[in-house]
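Trainee: Just so you know, the sequences run in chain order Y and Z.
Note that this note's numbering gives residue 187 to position 187 of the first sequence, counting from 1, and the numbers run on in steps of one.
Note that this note's numbering gives residue 188 to position 188 of the second sequence, counting from 1, and the numbers run on in steps of one.
In short, the hints are calculated from the structure, not lab data.
Predicted model, so just to flag it, every value in this text is computed and none were measured.
There could be a bad hint or two in this list.
Here are the simulated EDC-like cross-link-like pairs (lysine to aspartate or glutamate), alpha carbons at most 20 Å apart as the crow flies [said to hold, decoys possible]: (1) Z/Lys24 to Y/Glu228; (2) Z/Lys330 to Y/Glu181; (3) Z/Lys85 to Z/Asp56; (4) Y/Lys12 to Z/Asp56.
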Amino acid sequence: MMQEKLDLLLEKYDVPAGAEMSGTDEVIIGGRAYPLLPHRFERRITELKKMLGDGTTGRISAVRCGHVSPCTVPLYGLIRREFDIARFITGQEIVGVTAFVRAENGEDRAATLIAEMSGGAVCSMEIADTLPAGEGHIDKHEVITGRGLVCDRVVDSQIPAQSVYLYGESGDEAYTDVDYELYGLDQDEAAAVRCAFALAKDEGLRAEALSNAERLDKLMAAVKRSAESRERVSVGSDEV
Amino acid sequence: MEKLKIAMMSMTHGHTRKYYQVLKENPKLEWIAVSTANEDVKRIFLNSVEGIPCYDSDEAMLDAHPEIEAAVLASENSEHLRQMKLCAERGIHILSMKIPTFDMEEYDEMIRLCEERRVVCQIELELHYNPVVRRMRELVEAGKIGNLLSFKATNTTLSPVWAFPWQGVPEKSYGRRVPLKDGDPRFRGGALCDHPHIFDLIRHVTGSEFESLYASAAPNIRPDIEEEDMLNIVGRMKNGVVFSLDPSWSNMEERLKVPGPGWEVAPKRMEVNLILCGDRGTIMTDCFGPNTYHNGAPNDRYTVNYTYFDEWVGLIDEFVDNIRLDRLPKINLRWHRETVRVMNAVYDSIASGRVVTL
Numbered sequence: 001m002m003q004e005k006l007d008l009l010l011e012k013y014d015v016p017a018g019a020e021m022s023g024t025d026e027v028i029i030g031g032r033a034y035p036l037l038p039h040r041f042e043r044r045i046t047e048l049k050k051m052l053g054d055g056t057t058g059r060i061s062a063v064r065c066g067h068v069s070p071c072t073v074p075l076y077g078l079i080r081r082e083f084d085i086a087r088f089i090t091g092q093e094i095v096g097v098t099a100f101v102r103a104e105n106g107e108d109r110a111a112t113l114i115a116e117m118s119g120g121a122v123c124s125m126e127i128a129d130t131l132p133a134g135e136g137h138i139d140k141h142e143v144i145t146g147r148g149l150v151c152d153r154v155v156d157s158q159i160p161a162q163s164v165y166l167y168g169e170s171g172d173e174a175y176t177d178v179d180y181e182l183y184g185l186d187q188d189e190a191a192a193v194r195c196a197f198a199l200a201k202d203e204g205l206r207a208e209a210l211s212n213a214e215r216l217d218k219l220m221a222a223v224k225r226s227a228e229s230r231e232r233v234s235v236g237s238d239e240v
Numbered sequence: 001m002e003k004l005k006i007a008m009m010s011m012t013h014g015h016t017r018k019y020y021q022v023l024k025e026n027p028k029l030e031w032i033a034v035s036t037a038n039e040d041v042k043r044i045f046l047n048s049v050e051g052i053p054c055y056d057s058d059e060a061m062l063d064a065h066p067e068i069e070a071a072v073l074a075s076e077n078s079e080h081l082r083q084m085k086l087c088a089e090r091g092i093h094i095l096s097m098k099i100p101t102f103d104m105e106e107y108d109e110m111i112r113l114c115e116e117r118r119v120v121c122q123i124e125l126e127l128h129y130n131p132v133v134r135r136m137r138e139l140v141e142a143g144k145i146g147n148l149l150s151f152k153a154t155n156t157t158l159s160p161v162w163a164f165p166w167q168g169v170p171e172k173s174y175g176r177r178v179p180l181k182d183g184d185p186r187f188r189g190g191a192l193c194d195h196p197h198i199f200d201l202i203r204h205v206t207g208s209e210f211e212s213l214y215a216s217a218a219p220n221i222r223p224d225i226e227e228e229d230m231l232n233i234v235g236r237m238k239n240g241v242v243f244s245l246d247p248s249w250s251n252m253e254e255r256l257k258v259p260g261p262g263w264e265v266a267p268k269r270m271e272v273n274l275i276l277c278g279d280r281g282t283i284m285t286d287c288f289g290p291n292t293y294h295n296g297a298p299n300d301r302y303t304v305n306y307t308y309f310d311e312w313v314g315l316i317d318e319f320v321d322n323i324r325l326d327r328l329p330k331i332n333l334r335w336h337r338e339t340v341r342v343m344n345a346v347y348d349s350i351a352s353g354r355v356v357t358l
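Kindly generate the complete structure, drawing on both the sequences and the hints.
Mentor: Okay, here's the thing in structure tokens:
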């Protein structure tokens, strides 16, 4: 269904580049694979970025990212995503990483991290894949600045709100539908299609996607080194 | 499909700026020109959009651009009939704001004009292109909550009268100056006129029509405007569903002349929440949520920053298809007539203090 929706957008907006999706991780354009960073196309994330950049807030002090996922999602994929969200919304690069990782039965399941950023902001993260399979993701992003905070969760809440709650005889259901053109896709799928569409439209974004992926690879290597060494790892551009 | 050559008129309606992006980006459209009703809206438009010719009168624009095929009537309610005549006479298709008119004779004239001239007239009720509403309707239609027993809806907003002054003038909003009720200094034309959506939505969701209603206007929270700003309606549909509707301007605002950051005093500008109770379940819906939040500039107040708001994309897609494929709009003049008639009955109930049977 994602491919169908992507084709719909390509045709509607007259984008000549063909694009093929094989999931939410990458898109093939012109025979080359480009990594998708779908969270950059989630509306709540783009709105956070906008508010941090348009004068609504002051100098960024701290970024708080929390993400607990179902146990079927790899822990390091979550960390990678949260790192990139922090980079994307603040416009700052991560230059130092300190990570504590807890394994269970040989598998890394939970991590706490501090990421220091190029503009001086400090980002704290708590990441785990400890929810039962089939549960929805629970995440929250909050940025504290010298003039107010921005957050993608309502004050006093730790869990995501949904737009539709159904309490029925066959159990409870909840839905968040965010995109009328891509109706039928869940939030992650819709964001992935929007991301693939943007890459198909814009060659510059494709180069940026490759560059971001390379940087994230370095940051993830730093996470593992920090967890193993129990030391802070600097990630300057010439060090990794 | 050939691009639809479209124009906008007046630019005084609160939804005007919603069209800027979609008219520029939708590849099915070619935005030809606009006409502005006064210098204030002209200045705002010219500061917001570049490259679109702007005229001081509707006639001047239409005379200069005979290629125009369709027009968005982004005007006060009192201008709609005049503009519909202008368009229909020239065979120009019409996208009308949410209230064509409250005068039922005028309304019937609009129907006649559009049908005689065979122009499409679509009413802008954007909730139909909201993905949350679509989900809610699918769940109801799938029988997830069984037989619907009750329908509660809020459609509350801030008051737009400071930015869009015509909405505070009974003659321009309601069409004439009609006292709200004996002994009440207020007039028809306020919050109710701004919020037809939930009166329309309940008809779609229930597949039924209004049987009876009772409405009561609460004291204004803005004592210096001359129309109602707070009201509630309860009643029953012909199929037995009972309802409660709140179309108030209950979300207090800063009195900005141009909408922008800091408009909110209440944390949220606008809310459409629906609670549908059936004999096998309940659905609770926030049509414009979840969102993002801040307490930064300009007023350092806790504020809801809307995240999902692209109803105009689907609305314009349907409008173009209706014209090119000769389809009847989902929200056409004849369908919408009953919604407007019911809204008039709300005012009648407030005036009489009694239940009105429709």
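Trainee: It remains to establish, for every hint, whether it holds in the given structure.
Mentor: Cross-check of the supplied hints:
1. Z/Lys24 to Y/Glu228: violated (53 Å)
2. Z/Lys330 to Y/Glu181: holds (18 Å)
3. Z/Lys85 to Z/Asp56: Holds, at roughly 18 Å.
4. Y/Lys12 to Z/Asp56: violated (34 Å)
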